[in-house]
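Undergrad: Now for the letters of each chain:
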Amino acid sequence: MSEESRQIPVTTDQDVVRVRQLVRTVAVDAKLSLVDQTKLVTAASELARNTLVYGGGGTVEVSRVRNEIRAGIRIVFADQGPGIADLDLALTDGYTTGGGLGLGLSGARRLVDDFTIDTAPGEGTTISITKWCR
Amino acid sequence: MALSPEESGRLADLLDEHADGLVARWAELVGAGLQGRMSRPELERQTRDLQKGFQQAFANGARDLSDEEATELRAQLGELSSNRARQGFSANETAISMFAFKDAVLGVLGDTSDVQTLRDFVSFSTFVDRAALFTFDSYVRVREALIADQAEQLLELSTPVVKLWEGVVAVPLVGTLDSARAQVVMERLLQTLVDTGSPYAIIDITGVPAVDTQVAQHILKTVVAARLMGADCIISGIRPQIAQTIVALGIEFGDIATKSSLADALRYVLGKKSYRVVTAKRTEH
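Residue numbers (full-length UniProt numbering), protein chains in the order written: chain B, 1 to 134; chain P, 1 to 285.
Extracted from the complex, chain P is given alone in its bound form (with noise of 0.2 Å):
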């Protein structure tokens, strides 16, 4: 139900006519929800920009939330949200917060039977009500987008490749590994047997909490693409449970070196290398 030119005019009039009590009484119901989270101070700007852009918006002639004429008030409303979103406040605050403008409207129109006041408000109240679904509808978009950025983050971070020795890397693996994370883990893995010229790799399965035939077709492929490259790989962190989980699925890993941990498969590598690991002997001075 959009405003007739006539009702917008006179909200926008109503609006500048009460501007300070408005905000003030918008403020104190915000700040009661917000429990204190944000300083009265910061809460008092932020309704007066509000209540400013909606006057300018009904002010502009502005019949609905969507129109041209409200496009600086749909930013306004855009960046509450988001701001709201970054700043750990749920939805539902974000939502209310312009719900509790209708009630302080509600409290300078006072008690009155004039029915044309009423049938402006309930006018009025369609539009905040619009206003207030666009918050929850911004706020669920930076949210998403938020958690689409950290989940690529975790793609990154999980993924690390590491120097164990001169000429050794290893991949900790934890968690799942889906089709996702073994392409990231074979690239950033062959990448840096290239930079490092390491001809030794060792895949750590410490932290994967189950082998699956997915998991275990896309350890083998990294495998037999480093061998293609000229590196050794070595598998290890196998546990017992995940040894006999592997027996019975009936995977093989051929002639692929296996350990049950990181330590032994470092010291085989250096065993390769003709390294030999002593104690010092410690001469007392």
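This is chain B alone, in the form it adopts within the complex (with noise of 0.2 Å):
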């Protein structure tokens, strides 16, 4: 169930920024614990590059989320943009088409508790992730 989502835009490396600062202000809110705030700003912060990067451009939205036992942040990532083909690929570790290190994606995913991924080729990229309280 859904509390309260706030949804930005990301065309520019402000947006970025914008995501981060967001994602923090709400996982301050959530009082999640510092490594954990710390682990969901880096991984929405590389979701929200790649988004606008690869996607070329898209929407996110943060939104506070509560399951029987916990609350907790699922941010969605949504890109209308090429998509992806492999994804098992695109997932390894070190494997990057845009020069970066290539830990982006999969890197995210170990940030989080929950990940998940929609995309197909030339249909665009959604990815939703959720971190839970402890």
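Misleading hints may appear alongside valid ones.
Here are some chain B residues pointing at chain P (derived, C-beta under 10 Å) [to be verified]:
# : residue
1 : T38
2 : D93
3 : G99
4 : G100
5 : L111
6 : D114
In case anyone wonders, no lab produced these hints; they're calculated from the structure.
Just so it is clear, CB atoms sit at the ideal spot from N, CA and C, and this is done for glycine as well.
If you follow the hints, you should be able to join the two separate chains into one complex; please do so.
TA: As structure tokens, this is what we get:
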């Protein structure tokens, strides 16, 4: 169940900074530990930059969520870009098509509790990550 | 809607005839809006110049603010808004002070049912609206230039390279490390290494809130570049949460020395340079 959510467009480098700031604010509000805050902010930074660089821009939605046991933060990154053809390859450490370290997508998955990715060639990419409060 | 030649002529006469009254009333209206942030004599001087500018433009036969006859007036308006922008007035206040001119002129016209006078006033009002929009535009332009200047200054300010010891320089990074800043940092560091002939450089990331792969890549590139020039780089200021995030991301710093604090890094470098840090024995006299 979603309690409150905020959506921001990602079309410039400045927007990636804005995403980071928003996620940090929400993470502090949700009383995530300092380590979890940093992990979530870093994951958001990676994925927002992917949305910008590979997806050609898109939107990021940050919302507070709650299941039966815990509260958490869910962030959804959506773009209408070219999509990912080989997901397994894209999730391999060190694989990159853009000259980066090749750790953004795979690393972000390790930084959060839930990670789902919905993509197809030509149909854009939607990634949803969730971090639960401990 | 441009003014007709007759209209601008009549307006020029009107402004000329009531010059003193208009300036006084206009300055009063603007003064009320600015709430004492500008002295009365200064305000009156400004409004007198402007009123003269409008009068001149009309007398020269300006039918529109973009006409050649209004060049002088446009320059005046531009200067006014850039002054206001630098003095910290809002764009609204700047534009509203133009609109106040209409009230002042309306006051001079008084109650009239003369159709021609009313038509003149409507045309005049359109002209002033254009002038107000013009000030708004110039105001924004000046502000944008100010912001661009400040951003550049900030970039310069926020990337100091400091000498910590003979042969040891440090770069304390604070804030977001984007590509533009990373480039500045690298250039500064490499230049300082050459200038000081330092064999050691410490990059301190205490002030970097999050280290993602892009930041890490920038730092790694800087280290590699420094190494190519024969300098050894140490990364310091790695806080616990950053360390855990870096591990989870899978970033490897390889054989680059990393320390949790700048003090540790300095001690490490001094050790390599065969210095020993010992407490001095004080001799009592």
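Undergrad: Given a cut of 10 Å on the nearest C-beta pair, is the interface hint for D93 of chain B held or broken against chain P?
TA: Cβ of D93 of chain B sits 5 Å from chain P, so the hint holds.
Undergrad: Under 10 Å is the threshold here; is the Cβ of D114 of chain B close enough to any Cβ of chain P for the hint to stand?
TA: Check failed: Cβ of D114 of chain B comes no nearer than 15 Å to chain P, outside 10 Å.
Undergrad: Measuring from the C-beta of G100 of chain B to each C-beta in chain P, is the shortest one below 10 Å?
TA: Holds, because the Cβ-Cβ distance from G100 of chain B to chain P comes to roughly 6 Å (cut-off 10 Å).
Undergrad: Under 10 Å is the threshold here; is the Cβ of L111 of chain B close enough to any Cβ of chain P for the hint to stand?
TA: holds (5 Å)
Undergrad: Taking the closest Cβ pair, is G99 of chain B under 10 Å from chain P?
TA: holds (9 Å)
Undergrad: Would the stated hint for T38 of chain B survive a check requiring a Cβ distance to chain P of less than 10 Å?
TA: holds (4 Å)
Of the numbered hints listed earlier, the single one contradicted by the structure is hint 6.
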